[in-house]
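**Q** Residue strings, one per chain:
Protein chains: 2
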Amino acid sequence: MSAVAEPVAAAAQQQMADALRFLAIDGVEAAKSGHPGMPLGMAEIAVALWDRHLKHNPHNPAWPDRDRFVLSNGHGSMLLYALLHLTGYDLPVDELKRFRQLHAKTPGHPEVGVTPGVETTTGPLGQGLANAVGMALAEALLAREFNRPGHAIVDHRTYVFVGDGCLMEGISHEAASLAGTLRLDKLVVLYDDNGISIDGHVVQWFADDTPARFAAYGWHVVRDVDGHDIDAVDDALNEAKKAGRPTLICCKTLIGKGSPSKAGTHDVHGAPLGAEEVAATRRALGWPHAPFEVPDDLRARWNARMRGEAAEAEWRRRFESYRQHYPNEAAEFERRMRGELPAQWRDAVRAMLRDTDSAAQTVATRKASQQTIAMLARVLPELLGGSADLTGSNLTDWKGAVDVRIEANGPSAELKGGNYIHYGVREFGMSAVMNGIALHRGYLPFGGTFLTFSDYARNALRMAALMKTRTVFVFTHDSVGLGEDGPTHQPVEHAASLRLIPGLDVWRPCDTVETAQAWASAVEREGPSCLLLSRQNVPFVSRSAQQIEAIARGGYVLRDWSLPSTAQRVVLIATGSEVTLALDAAAQLTDAGVAVRVVSMPSTTVFDREPAAWRDAVLPPGVPRVAVEAGVRAFWRQYVGLDGGVVGIDSFGESAPAAALFAHFNLTAQAVADEARRVVHVAR
Amino acid sequence: MSAVAEPVAAAAQQQMADALRFLAIDGVEAAKSGHPGMPLGMAEIAVALWDRHLKHNPHNPAWPDRDRFVLSNGHGSMLLYALLHLTGYDLPVDELKRFRQLHAKTPGHPEVGVTPGVETTTGPLGQGLANAVGMALAEALLAREFNRPGHAIVDHRTYVFVGDGCLMEGISHEAASLAGTLRLDKLVVLYDDNGISIDGHVVQWFADDTPARFAAYGWHVVRDVDGHDIDAVDDALNEAKKAGRPTLICCKTLIGKGSPSKAGTHDVHGAPLGAEEVAATRRALGWPHAPFEVPDDLRARWNARMRGEAAEAEWRRRFESYRQHYPNEAAEFERRMRGELPAQWRDAVRAMLRDTDSAAQTVATRKASQQTIAMLARVLPELLGGSADLTGSNLTDWKGAVDVRIEANGPSAELKGGNYIHYGVREFGMSAVMNGIALHRGYLPFGGTFLTFSDYARNALRMAALMKTRTVFVFTHDSVGLGEDGPTHQPVEHAASLRLIPGLDVWRPCDTVETAQAWASAVEREGPSCLLLSRQNVPFVSRSAQQIEAIARGGYVLRDWSLPSTAQRVVLIATGSEVTLALDAAAQLTDAGVAVRVVSMPSTTVFDREPAAWRDAVLPPGVPRVAVEAGVRAFWRQYVGLDGGVVGIDSFGESAPAAALFAHFNLTAQAVADEARRVVHVAR
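Which chain is which? The protein sequence lines are A and B, in order. 1 is the number of the first residue of the first sequence in UniProt numbering; add one for each residue after it. 1 is the number of the first residue of the second sequence in UniProt numbering; add one for each residue after it.
None of these hints come from the bench; they were simulated from the model. None of the hints are false.
Any copy will do: because identical chains look the same in the list, a pair fits if it lies in one copy or spans two.
Here are the simulated DSS-like cross-link-like pairs (lysine-lysine), alpha carbons at most 30 Å apart as the crow flies:
(1) K32 <-> K367
(2) K252 <-> K416
(3) K367 <-> K468
(4) K32 <-> K399
(5) K416 <-> K399
Start from the sequences, fold in the hints, and give me the full structure.
**A** What follows is the structure in structure tokens.
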């Protein structure tokens, strides 16, 4: 398509871009806060993609086969809000006027669940790109699982906007390398190459040959596209569709384009233009309209509702044909895209808990987790496992796991579907990719690494909690109990610090049965969960049926005093591998005439949400308490108070066999018993 | 040099490599734990580097002008221990026999400060490479600062071993991109390209064209080097010295080379070979010696003490000549390489605190920090600032800051020295680079980002704490008080979770004077500190001279009750921007007849190390307490107990102006006063 051949159309398209520009300018101006530079710089790119390529239905943002759009440079949120507003999503102009105000649908950075049409929450740079890789991967795997000859019910693309910031972040390497290796050919990234970041001209701190870098990842790269030439971007998008690989479209742009005195400078990145410059921009671009005003003809041109309805209707016809031929697959597809658990789920969990209890195995909880996964996989085909190159240590694979892999196919290569992803040594990338998979829907992703390396992924865990994605993070080697690898590998503060992330559930089960329940709770939850699992064996604990049921409440009474109520009393609280220390200490103390209750607390985050009646029943107010966990002690003060006791580790670990370490750090039943005697004595 | 021309020498060199192999095998075998694959695969590379290139003096691991060697693939620690042992460091064979045992000098992963000759602690993959970039950057900047024509007293290289794991990690992108941009020509990375990672053949999850990727960063790349050909590696190292850019040497290797049945498989990565395979390896390589035995002639060939002593002596002669010509510079260089503060330091701090107090400014603490930096820079030329592309927000620059930059110089480009680094949007890379700078010595690095994005850097903060590096992390925008950017940018759990990292000091000052003291404490500390700073203005608080002195203790009494001791009493504890809420609440409560003490707690980590007498004097036992901080509440239970009160935020933030948010989250003086009345009532 040539812009010269259709001057009228070209002018109209330019006006569409300017409509985006001024909504962004006006939104930022009204908020007196925000980022105009990116929307002004990417307006034409947005027109090319949203008006000519993006398959979506503003009337139904949940249409399963829509294209996904991710604004990885999320500070340009006003561009996305302008697009959603103009194409016909439920985002009235009043919401644009309330940009960045409390409870508006237009928060400072895009938030999934807040604004219809926003696919993921972005702002922390680079993660949107990784989310998009997850979405593209979910699409590719779903297509291989559900499509049938002549029935391509899963067939959509994932488009991403990225800026220099995203591409400087390390996670861009992890995500792009994985996407290239897996040949995610429906992933298209549009790079806003404006040469400016907050500190100024990037050449002084970011001199990469980015096209060459992405080519090295096996991507198709479209170089030197004029990002202000809608037709050129359109051509590049057409080229991407034929590339057979993920595509990076490098768009040369001018940050803040349109602003006469601020374009091309970092001043325009993150602050309002100011009334004077706004007026100058209106004059320069010939935009006579009042703030937030877009002429009706331009609104009509932007509106994508009819087109979207038609596109979805066409897909629904095809889906009904699929349903006729493959009724079971169609029902299963719909269930999974709704994120519903299968009908037999509860029965399966009950059976699993019963069988696990009967087996009474003494194994590491990472091993218990592996056995649980195998049982769950029988009823949950949506389980999509993986590990950041620690499969044999995390025990995240199972019989029936099929590696997602690339198969050479002549000169080309082909992605083979499966349910297990070797993420490589990419903890942060893995976690953000899993978030993207969960957001796409269709799979329930889980992935493993060592607990210490949750640090590498931490902001993705936070984003999962903020977005409430159903993502399961399997963290094994959960204490100094991992032994010889030493302090770099031994978590000490991690269990506590993960529990501080709002909305993140953290489980540290003590044996096979608690591990099974932790998994069941994680699967059922509308939000992320971390499973902290031991490398070393932990003894099986016998429980009553009520106790097994109580595990799901996060904390419960595992053993209770049998001594007369006149005895001195103490409650021992423990998690994971330290529950056995508490039980051993209880035996000592009981022999010495102290009445002891042992509370197993596999999940403080779950326990904290229980009603006060349950919490007080488990931890009777006034009875002295001692907590034991192989981690920092301060965390436990909220349960034991200033007068209680905590047995833990406040320093880094050491390199030595596990048994030597538990002795060295005084993590013993004797230490727990001593601490219990101390607090009982103080309380007397 | 041709191996064919000198068959005897070649055989001897091969034996040197095999000596490394068997010490590694025997160490792992004795420990029944460890990673033989990498030492066996990199033995020849180690010979080429350590025997033919590395400038070091085993007798003095602290020689300032030694080459730095970093084992970024730290799981191969036995290779490094074997090298240190054989070249003559204070690491007797008994320590090798105690590999991975409690308190041995040979922990599972190399730890700086534990083993002489270990330059940085590695294990968490990719960070060693980033540390090395920091070391090379420190060298380059020191050379530009101290060298004079004819007097190159700073002139050494930084060598790094990396594996596939390091190169998959995102931080490798951040570090390599920065190193390429800054043309760190004395950085040489040797890549152990064995095609195997823990999960198996990497091609299924890591199909990068790594040489092309590094070329895209502006590196010189030596491709297709046979990593088992010592001469070929030697040639590549010679080539690197002339490259004028950082160099990546891609060595094709066989993991576990020498092990007849395990070489080339992932089984050899992280587990002992087993007695049978060890014997087979001895036979295959013709190594008849007993475990840990190395023939004397081979020991003599490896020993680098004489060569090292001579090299250092030669440097010392040159340094003495430098001293004659530039006595002040020589003294300053020695001071800085010792990590000592200047003689006028204490006076300068006293003057700074006095001036800051007199100025009585109401500014944001990030602004107070900037003013402090400017004052400190006058007496601390070693200050080396920077930001992860948020200079104007973090306010990490100052008048007198000179950007480290690249200047075009004909077809080539040249690094210009300075004291401010634009790290780009690379929080993790920045932090690990700063750790490397601190380990190198000569500079005191600090760098800024938003507090939320401390998540991205978290494991580097942990490593700083483990290594006790003097690194200062400046984290601004420290609460919902940052306003409209919303929950992705608003820290809630971060202050608390950073305080849980053992050995990391965390400061959250409430005004200009506390900010100045926080900086002074961070500079004086032998270990890392985080400064959590507000975006918004905070009122100046007047203090007595004793109170100003008490800030350094982390927590102190800011206002004390003037009401009779018979009154109901309460202690309010606050940090940072919430101190003003506590003061306002105190006014309300005092008016209502409650005796109130306000404790400012800028650093809980420092306060916790104070003697109990101080802590009890500040927080008198038995008096009810209320803590207020714009963050998760659970953390504060360790100070207020179960019966105390906490005013905070347990959910994610929102996008809105700061004032609206403080009201929305009920972070008000009224809320603090209400909570105080509640706990006073309960305690009655």
